[in-house]
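**Student:** From first to last, the protein sequence lines are chains A and B. Residues in the first sequence are numbered consecutively from -1, following the numbering used here. Residues in the second sequence are numbered consecutively from -1, following the numbering used here.
In short, the hints are calculated from the structure, not lab data. Treat the hints with care, since some could be wrong.
Said to hold, decoys possible - A partial selection of chain B residues facing chain A, derived with a Cβ cut-off under 8 Å:
{"hint": "1", "residue": "P40"}
{"hint": "2", "residue": "N44"}
{"hint": "3", "residue": "V47"}
{"hint": "4", "residue": "L50"}
{"hint": "5", "residue": "R54"}
{"hint": "6", "residue": "L62"}
{"hint": "7", "residue": "Q67"}
{"hint": "8", "residue": "P68"}
{"hint": "9", "residue": "A69"}
{"hint": "10", "residue": "F70"}
{"hint": "11", "residue": "L73"}
{"hint": "12", "residue": "A82"}
{"hint": "13", "residue": "L83"}
Beta carbons are placed, not taken as given, at the ideal position from N, Cα and C, and that holds for glycine.
2 protein chains.
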Amino acid sequence: MELFPSVETLRVSGKSRPNAVAGAVAALLRTQGQAEVHAIGPAAVNQAVKALAIARGYLEGDGLDLIVQPAFVKLDLADEERTALMFSVRKIQLKA
Amino acid sequence: MELFPSVETLRVSGKSRPNAVAGAVAALLRTQGQAEVHAIGPAAVNQAVKALAIARGYLEGDGLDLIVQPAFVKLDLADEERTALMFSVRKIQLKA
């Protein structure tokens, strides 16, 4: 029995397609209510934000929207510590 | 009497200092409860997101936090239409 299910993490790069990431975010929010998006560097952060803006449109037809809280997080990549931006994303009901 | 006060907008560039923008965002949220942040291009978007992450730390001592909703917005700059990313930022009470 999993009392504290882990939040699914999506890692976005500067080459990620915003529409594809948006679809993944929307799917996670519909099924799990929350998601985390990690991005390192300006290009990746830009793609992540675009994806979140697009995901809001995908959710709108379901009467849903999302809210985001950005934070810094340290990631270990190939034995090197990098500071990433992490977006905690949660589902909310769209106001009628 | 202003029934619908306009939301203050901060325009962030790739050269904006995240700490300074964070201070401005925190001040607007404390006094007005909301703010908008506009950014055009990956470098500016990256600085804006860093600023929002930092602002959360500034607000924490006041028992406050922020939530963000990103969207695309068209801006007229020097007679040229550019697509910017707009962050609608709202103040929330930090959970005890």
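**Student:** All hints, please: hold or fail.
**Tutor:** Hint by hint, here is what the structure shows:
no.	hint	verdict
1	P40	holds (4 Å)
2	N44	holds (4 Å)
3	V47	holds (5 Å)
4	L50	holds (5 Å)
5	R54	holds (7 Å)
6	L62	violated (12 Å)
7	Q67	holds (6 Å)
8	P68	holds (4 Å)
9	A69	holds (5 Å)
10	F70	holds (5 Å)
11	L73	violated (15 Å)
12	A82	violated (11 Å)
13	L83	holds (6 Å)
Consistency with the previously given hints fails for numbers 6, 11 and 12, ordered from lowest to highest.
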